[in-house]
Amino acid sequence: MSLDKILSISGKPGLYELKAQTRSGFVAESLADGKKLSVSIQNNVSILSEIAIYTFTEEVPLREIFKRIQEKENGEKAISHKESKNKLEAYFSEVLPDYDEDRVYVSDMKKVIQWYNILQAKGITDFEEPEEVTSDEEE
1 MSLDKILSIS
11 GKPGLYELKA
21 QTRSGFVAES
31 LADGKKLSVS
41 IQNNVSILSE
51 IAIYTFTEEV
61 PLREIFKRIQ
71 EKENGEKAIS
81 HKESKNKLEA
91 YFSEVLPDYD
101 EDRVYVSDMK
111 KVIQWYNILQ
121 AKGITDFEEP
131 EEVTSDEEE
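Under our numbering, the first residue of the sequence shown is numbered 1, with each subsequent residue one higher.
Derived from the structure by calculation, the hints contain no laboratory data.
All C-beta atoms in this analysis are idealised placements derived from N, C-alpha and C, irrespective of residue type, glycine included.
A hint or two may mislead.
[Unchecked claim] Beta-carbon label-pair distances, calculated as ranges:
1. 22 x 93: 41 to 51 Å
2. 37 x 72: 16 to 26 Å
3. 27 x 89: 35 to 45 Å
4. 105 x 50: 16 to 26 Å
5. 34 x 98: 32 to 42 Å
6. 76 x 2: 18 to 28 Å
7. 41 x 129: 26 to 36 Å
8. 76 x 46: 20 to 30 Å
Just need the whole structure built from these sequences, with the hints factored in.
Spelled out as structure tokens, the structure:
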């Protein structure tokens with residue numbers, strides 16, 4: 001499963017998998033407990049593949065940060081997102097040394113680490129960029 005189908009829904013804890021589209025929104029399934037819910041198009045929804053973290057030079061895609069955490073932890077679980085502010089900042093600076101301290105808050109770090117741990121626990125560990133399908137076959 002790619003990050004293109006994984007969602008974060010504002011006001012709802014955890015991550016969700018996009019299951020189907022409906023006329024008024026879509027159906028998502030919680031990665032935590034498997035419960036399905038109908039989500040309106042009026043909800044604030046973020047697709048993980050579209051999220052990036054600010055650095056001093058560019059924006060780094062979330063999949064790249066997940067890959068760096070995975071390499072640092074040898075594919076195992078990361079630290080808890082409930083660690084102290086200082087521990088989270090130290091950990092995040094090891095993973096992404098040039099992150100912009102003025103624009104990346106501790107709450108953002110907590111989300112990234114929590115999301116990584118959820119995905120790792122579910123066995124969703126392929127954070128590579130999906131390959132583009134070329135249209136050479138159509139000719």
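Of all the hints numbered above, which does this structure not satisfy? Sort the numbers upward. Hint check: 2 fails alone, others pass.
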